[in-house]
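I would like the entire structure built from these sequences, with the hints used as guidance.
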Amino acid sequence: MTIDLSQFHQVFFEESFEGLGLMESGLLAMDPGTVDAEEINAIFRAAHSIKGGSGTFGFDRVASFTHLMETLLDEMRDGRRPVTAEALEVLLQSVDILGEMLRAAQDGQALDEERVAKQQQALETALQANPQKQDASDAASALTADGADINGWHIVFRPLPNLMRTGNDPLRIIRELAALGELEVRGDASLLPGFDQFDPEECYLSWDMRLHADVERGQITEIFDWVEDECDLAIMPLVASEHEVVAVPETVAEVSVDEGALSSLAQEQEERRSASDDRRQEERRKTAGRRSNDPARSATAAVSSSIRVGIDKIDNLINMVGELVITQSMLSMLGENFHPGQLDKLKDGLEQMARHTRELQESVMQVRMLPISFTFSRFPRLVHDLGRQLGKKIDLKLTGESTELDKTVIEKIGDPLVHLVRNSLDHGIETPQERLAAGKLETGTIELKAFHQGGSIVIEIRDDGRGLDAERLHRKALERGIVGVDEKLSTQQIYELIFQPGFSTAEQVSDVSGRGVGMDVVRRNILELGGSIEIDSEPGRGTGMLIRLPLTLAILDGQTIAVGGEVYIIPLISIIESIQVSPEMVNLVAGRGETFKLRDEYLPIIRMHEVFGIEGYRAHDLTDGLLVVVEGEGRRYGVLVDELIGQQQVVIKSLEANYEKVDGVSGATILGDGSVALILDIPGLIRLAARDVGLQLIKKTA
Amino acid sequence: MVAFTLKGAGYQVIEASDGVEALNIAKGQGVNLVITDVNMPKMDGIALIRELRALPAYKFTPLLMLTTESSAEKKQQGKAAGATGWIVKPFNPEQLVNTVKKVLG
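Note that the protein sequences, when read in sequence, are chains A and B.
Quick note: the first sequence, position 364, residue 364 per the numbering used here, numbers continuous.
Quick note: the second sequence, position 59, residue 761 per the numbering used here, numbers continuous.
FYI, nobody ran anything at the bench for these hints, they're computed from the structure.
Please note that the accuracy of each hint is not assured.
Distance condition first, Cα-Cα at most 30 Å in a straight line; then the derived DSSO-like pairs of lysine-lysine [said to hold, decoys possible]: (1) Lys397/A with Lys744/B; (2) Lys761/B with Lys744/B; (3) Lys397/A with Lys776/B; (4) Lys449/A with Lys777/B; (5) Lys776/B with Lys449/A; (6) Lys313/A with Lys776/B; (7) Lys776/B with Lys803/B.
The calculated label-pair distances, taken between Cβ atoms and stated as ranges, are [as the list claims (entries may be wrong)]: (8) Gly710/B with Val309/A: 47 to 55 Å; (9) Glu222/A with Asn734/B: 19 to 27 Å; (10) Val715/B with Glu202/A: 29 to 37 Å.
Model, not experiment: these values are computed from the prediction.
Positions of the beta carbon are idealized from the N, C-alpha and C atoms, including for glycine.
Right under this line is the structure:
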């Protein structure tokens with residue numbers, strides 16, 4: 001009987017892409033010179049399952065390619081090969097190629113054979129870089145596989161200076177090792193400083209030990225369990241000496257490996273001693289890397305067709321439906337022989353039903369929510385690559401990766417974020433030389449943060465670079481005729497100019513960014529998602545971009561308003577306040593149209609009925625109606641309406657999908673009485689008013 | 703149970719019912735080894751370890767905490783506070799005595 005394997009392809013590809021994401025973030029988190037067994041193991045496992053899967057499904061090219069990567073990783077894991085920056089780079093590139101191969105296999109498309117062959121070559125070259133080690137490792141792993149021929153372990157133990165401060169004692173550890181069997185110990189006191197620098201509370205010694213005992217690796221690691229964070233440790237199998245005939249090349253090889261491992265360990269130790277600050281940073285980076293290793297978070301592009309939902313969310317849904325069914329049956333029982341005395345009971349039941357419906361709605365919305373790490377996970381790689389390309393040193397910090405956003409928002413916010421991060425890298429962060437000259441740390445920092453604030457999600461991109469140069473921006477804007485010579489702009493308004501189409505200040509247009517097509521698109525994309533973007537910059541200190549996004553695109557908190565016979569909905573997020581104007585507040589300013597004064601600020605007025613051409617409106621005079629103060633595109637306006645009806649949550653129905661795009665309207669909804677109401681798009685409404693009724697856009701009151 | 707086992711093995715054991723009491727005992731008389739639960743009233747085990755480690759007399763004294771297998775986070779917090787190591791609950795008396803023997807040399 002044959003089984004049609006193709007039905008499992010989709011799962012294989014999804015898992016493989018997830019594995020690729022894991023490998024990538026793992027590789028990025030690794031530091032040259034350090035052997036973090038846990039990290040390498042995670043990468044190795046991912047590679048291994050891709051290899052296994054591709055073998056099973058007959059993607060032999062993928063399998064053989066992955067095998068090479070796996071070999072390289074395996075050698076690093078066992079400490080037989082030093083972890084070098086070059087090797088990591090080769091592996092990273094291989095991850096990319098592997099991704100291409102998998103995508104080609106998925107779509108059944110032809111593969112760029114040349115690239116694959118080239119990368120395969122690069123991998124092979126990397127593997128052959130230490131040919132003896134390769135032989136030795138093969139022999140060693142063959143012997144290890146037999147099991148019986150291992151008769152001991154080679155342990156290199158280098159405590160960090162602070163080991164004794166945790167009450168641990170290297171002697172205890174050595175004693176415990178000795179209890180397992182015959183132990184050869186060689187101490188290394190080469191790092192012992194002179195008397196003047198000697199701190200009696202620090203540990204300067206390290207040990208190179210050979211344990212001749214038939215024990216499991218686990219028994220040794222258990223002894224080091226308490227101190228694994230306070231030492232550098234390498235545990236390698238010892239090959240039996242009776243196998244001398246076979247083992248001659250191995251012994252030679254082994255020595256050379258050990259030296260490699262030792263010298264890299266020693267070097268690292270030196271670095272740690274000299275720059276404890278760096279170490280702390282490094283550790284932070286490592287933990288950050290580990291966090292992003294979480295498999296659920298690092299899935300890559302392969303999420304378009306399906307969505308992974310946590311079982312707890314589904315359970316919650318089922319639970320809510322259960323509650324609803326109970327309430328429903330209670331109500332129908334009540335309805336069967338209803339008499340007026342039960343009116344209170346009926347009311348209670350209906351109230352309960354309403355509550356459950358709302359909770360159910362929230363639970364269903366939860367299903368669409370994904371952690372923002374889906375978007376964030378691509379940045380470590382991007383920053384790594386661009387940093388190299390531009391010769392800049394950059395530390396990327398991600399926080400709030402578990403913040404959840406609507407799937408659609410997640411998908412659409414990716415590109416704008418990439419653009420902003422690239423901008424920070426390219427224009428914001430200075431070159432290491434410039435930074436040093438400015439008295440800053442050589443390594444620049446880019447922070448990506450996501451968090452909840454009120455009813456929205458805020459994504460913040462902040463760099464500690466040179467900040468925006470307001471003067472230069474203004475000059476450029478004058479040159480391009482974007483602003484007039486006589487216009488007075490605040491610094492904040494000048495910053496906002498970067499969102500104007502065709503505005504680029506880069507002295508030199510690089511291939512990373514700087515074509516000036518970006519920022520206006522970035523802002524438009526964000527506005528389309530119902531969000532907003534703010535700039536916060538300080539010269540010499542850096543720039544922050546604050547993106548505010550609605551939690552979901554499907555439901556909106558709205559204020560229902562009436563103009564004439566029509567009912568509209570204004571998103572609550574756009575409303576600052578609603579006021580009744582008195583005649584003395586209103587001004588007619590030449591060239592600016594109608595304005596009103598609100599706490600020392602003159603705001604332009606938009607008459608809804610004029611913009612939409614509504615008949616039968618009541619508010620002929622400003623004082624007859626109400627002004628809803630709204631904010632759009634960073635400015636405030638007063639929108640004149642007849643009356644406010646109430647606040648409610650509305651379900652957004654797309655106009656585009658059912659009719660066509662209408663300016664000033666972002667969608668529609670169905671109200672409780674079954675009638676349809678349009679949802680206003682405030683920035684769109686402002687643009688519409690500017691075009692049709694001469695509202696002045698750029699000019700802002702002082 | 704810890705005290706009982708260790709007394710049985712010939713160690714001299716002083717018991718404290720909470721972190722503050724433990725700290726006072728440790729300040730009043732020198733001890734060679736501290737074993738503390740993580741969850742304790744008044745002052746938890748991690749805070750106790752931090753306080754003790756800051757005392758000159760306890761700079762290098764082994765401070766062990768009792769944790770459950772699953773609480774890797776607690777282990778990390780303990781290490782950060784200066785713990786020497788941990789004893790994983792549940793343990794049998796033999797394991798406990800062995801660990802103490804090893805630590806005290």
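### Query
Quick check: which numbered hints come out false for this structure?
1
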